[in-house]
Amino acid sequence: MAESGNSKKALVIVESPAKARTISKFLGKNYLVEASIGHVRDLPQGAKEIPQEYKDQEWAYLGVNVNDNFDPVYIVPTDKKQQVTKLKKLLKESDELYLATDEDREGEAISWHLQEILKPKVPVHRLVFHEITETAINEALEHPRTIDDGLVRAQETRRILDRLYGYEVSPLLWRKIKPKLSAGRVQSVAVRLIVQRERDRMAFHSATYWDLVATFEVDGQSFEATLVEADGKRVPSSRDFDSSTGKVNKEGLLLLDEEGAKSLLERIRSADFSVSNLENKPYTSKPAAPFTTSTLQQEANRKLGFTARRTMQVAQSLYENGYITYMRTDSTNLAQVAIDASRKLVESEYGKDYLPEKPRVYSSKVKNAQEAHEAIRPAGNEFRKPESLKGELSAEQFKLFEMIWKRTVACQMADARGHRISINIGGGEAVFYVSGKTIDFPGFLRAYVEGSDDPQAELADRETLLPSVEVGQKVDAKEFDPKSHTTQPPARFSEASLTRSLEEMGIGRPSTYASIIDTILRREYVFKKGNALVPTWTSFAVVGLLEAHLERLVDYDFTAKMEDDLDSISRGEADANDYLKKFYFGVENHGLKQVIEERIKDVDARSVNSIPLGVPEEGEHRDEVFVRVGRYGPYVEQGERRGSIPDELPPDEIDLARAMEILEQSEKGEEPMGEHPETGKPIYLKTGRFGPYVQMGSPDDDEKPKNASLLKGMNAGDVNLETAIKLLSLPREVGLHPDDQKPIVAYNGRFGPYVKWNDETRSLPADISPIEVEMEKALELLAQPKTRGGRGAPKEPLKTLAKSPVTEEVIKIMDGRYGPYVTDGETNASLPKGASPDELTMEVALQLLADRAAKGGTKKKKAKKKAAPKKAAKKTAKKKTTKKKAATKKSAKKSTTKKAATKKTAKKAEESASDEAPF
111 MAESGNSKKA LVIVESPAKA RTISKFLGKN YLVEASIGHV RDLPQGAKEI
161 PQEYKDQEWA YLGVNVNDNF DPVYIVPTDK KQQVTKLKKL LKESDELYLA
211 TDEDREGEAI SWHLQEILKP KVPVHRLVFH EITETAINEA LEHPRTIDDG
261 LVRAQETRRI LDRLYGYEVS PLLWRKIKPK LSAGRVQSVA VRLIVQRERD
311 RMAFHSATYW DLVATFEVDG QSFEATLVEA DGKRVPSSRD FDSSTGKVNK
361 EGLLLLDEEG AKSLLERIRS ADFSVSNLEN KPYTSKPAAP FTTSTLQQEA
411 NRKLGFTARR TMQVAQSLYE NGYITYMRTD STNLAQVAID ASRKLVESEY
461 GKDYLPEKPR VYSSKVKNAQ EAHEAIRPAG NEFRKPESLK GELSAEQFKL
511 FEMIWKRTVA CQMADARGHR ISINIGGGEA VFYVSGKTID FPGFLRAYVE
561 GSDDPQAELA DRETLLPSVE VGQKVDAKEF DPKSHTTQPP ARFSEASLTR
611 SLEEMGIGRP STYASIIDTI LRREYVFKKG NALVPTWTSF AVVGLLEAHL
661 ERLVDYDFTA KMEDDLDSIS RGEADANDYL KKFYFGVENH GLKQVIEERI
711 KDVDARSVNS IPLGVPEEGE HRDEVFVRVG RYGPYVEQGE RRGSIPDELP
761 PDEIDLARAM EILEQSEKGE EPMGEHPETG KPIYLKTGRF GPYVQMGSPD
811 DDEKPKNASL LKGMNAGDVN LETAIKLLSL PREVGLHPDD QKPIVAYNGR
861 FGPYVKWNDE TRSLPADISP IEVEMEKALE LLAQPKTRGG RGAPKEPLKT
911 LAKSPVTEEV IKIMDGRYGP YVTDGETNAS LPKGASPDEL TMEVALQLLA
961 DRAAKGGTKK KKAKKKAAPK KAAKKTAKKK TTKKKAATKK SAKKSTTKKA
1011 ATKKTAKKAE ESASDEAPF
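Taking my numbering, the leading residue of the sequence shown gets 111, the next gets one more, and so forth.
Mixed in with the good hints, there may be bad ones.
Derived pair list, reagent style BS3-like, types lysine-lysine, alpha-carbon separation capped at 27 angstroms [what the hints assert, rightly or not]:
| hint | residue 1 | residue 2 |
| --- | --- | --- |
| 1 | 158 | 290 |
| 2 | 158 | 866 |
| 3 | 852 | 866 |
Please keep in mind that the hints were generated in silico from the structure rather than gathered at the bench.
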């Protein structure tokens, strides 16, 4: 245990309570470890937080004095004031101050801000360590340093640059597209990449081609080979087709259709075949480098299905509890103790044959790698085996730790060795090809295979065994099978592939990719379809505007160069003020500010929000067809015709033909299917943002039209007038319950159909419709006990967060009738489409609650208090008047308090919101 000399009291400040608890285990009684709980100072979030003395300045909305060396205005956020007061009090009782925040730019900046706020009069030491172990903590105490001004300036410059970018560009998007959009230096480029990939998919023309698959046999061993050549011409593969035309892009190829493939089959069916060419080459595979932040996110996404955000949350918990080294790093370097520990495990677990003569040394391929000094690995000088930690770690923590452990050990193992075999078989003017692979020595593959959970199974999959043959040896042709192939459009980005692309392009920092992906999902620039990131039509409009009017800001090379420039500032090779001045004011006033002021006049909102699909060549309507991005969602437009686009429909599925279908369906929706037999009102089948639905009545009626969603699994084509009438009957009374003669009602709910009697609810089985369920079945379901979490049972939160700074209640994520929502006990706010409750952070939760509260909120209904018994004492008229005035004052006060709470909630979100747009 470390002890401070002469019994001095020392205050150690880290970022998080979890980190504080772990470090406390390794320090003596004279050390008090306390958390700053993240950043203690920040730029103002919105006009309300600007200090009074700056409110009249023209630059105040930025929170950065662009007229005076880009001097930032720092404030202590409201939710951090109490913690800062606590730290100041503890510092007064201490003889030394140790700043032990993370070893990266953000951590260095937090330490600097702490020093600026606390103004310590005692000795100050900066502690840095990349793992939370007793050895590392003691080493840091023995070798403290001062705060690195270069890292602080780099973080500050990056922060200011992002503020200028976001706060100047975002309002342009609000004016020309719709409110609440945001732009960001890296965020907007990431969205552009995703949109460009979708454009490629939309422009893609598929092609179909045929070949033959032959089954051959040698010495009783059969194998398949594919046709590669016939009549002296090569048979094309998918890479030989132009993706924009669907045609072969090379001359002299043999393009077969079904008839041609079958004709060739008949010609060669009786031919003699023999081995015309044989190659057998050795190969060697080397293990992958240990994990960086980026590669950990990619592999956890591929192998474990974790989002980037989830990976970082789990990794953070592993780091703070002393299981792994610091998880924000772009270095692949390993400390000597880690190399020694890995090699020791290789020898003990796999044997000396798997241990290379010399340790492997890895160097980072990332430009300006500097986020930390070491790769992500198990903490300590000796790595604990994953099996020994099963009782200490959650399921997710265990999976991620095991993956990090295996990758670290594998990186110090011997190469895998084997042979690649390729065989050409000719006969009857046709050539077939087959390749195989053998693993002679598995090496590192015994421990770790990228993208596979089971190395042993992967080893088997990686081997393709072929019979032993020689050139000229005859083979028997047993069967020929014509095969059709269709070329596929380029795959959409997943979180893993987007992270990899950004890193390869030198855009952004690996430690920020998780928050970028989180932001573009939350802002509904993209949504998830399986594991793919699908852009919305809003993102098409945003990217189109930026490309047309602010092209430099979303240029890939320019953005990558900005990253290089910021790194130059961190190394002291460039001046931050000069760089910011050039970016914001430009040379000869052609900087960001003036360009935006000029371009606002040129941006035509209608043009920006229109994506052309083409002009129909046939039919009654020949006007050009567009997708329009409206304030309430995207829609198809042709002349005066309009049709809503369902939210879940990806852009690449909206071609001209599909758009015409949507317009025709919309027109049909304007014509009634018939009339309701009881009300006489017309019934329509319509299509909206959320899919098809039926409607009784029209907006021109005195009463609001009644709508009913289709049942799950029901298509628009399944709906006739009779079905529509039944759907509109929901909720329908099934009958009266024999126990109390109260009605049993059938509903079509957000999460499926169900029946309800008083407060009792039961879901209907998939094969029973709410429009057809009978009394006997309803009683049978209601007689069954409630299942845990079932309809009607008290619901457990999907997730709980910390206490709200506004209501002091624990913030919970609940599963509601219309989807998951977050609540602080007073305000409810729905989660954005596609957002996972598991990934919702405290920061985002506060933002959602504040946005909802600012709109007037969705307040939870409070139980009515029982009225106090009336007193019989007589009141004078004067007393009655006084009491009435008091009640009015009380009501006014309550209203004021409610408004204040709403403002306070909104303010909290501003404090924790992203800098990529002002609020």
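Now for the hints, and whether the structure bears them out:
For the suggested pair residue 158 and residue 290, the alpha carbons sit about 18 angstroms apart, so the restraint of at most 27 angstroms is met. Proximity of residue 158 to residue 866 is assessed by CA-CA distance (about 48 angstroms); at most 27 angstroms being required, the pair is judged violated. Taken as a hint, the residue 852 and residue 866 pair is honoured in the structure, with Cα atoms around 10 angstroms apart against an allowance of 27 angstroms.
Violated hint for the displayed structure: number 2, the only one.
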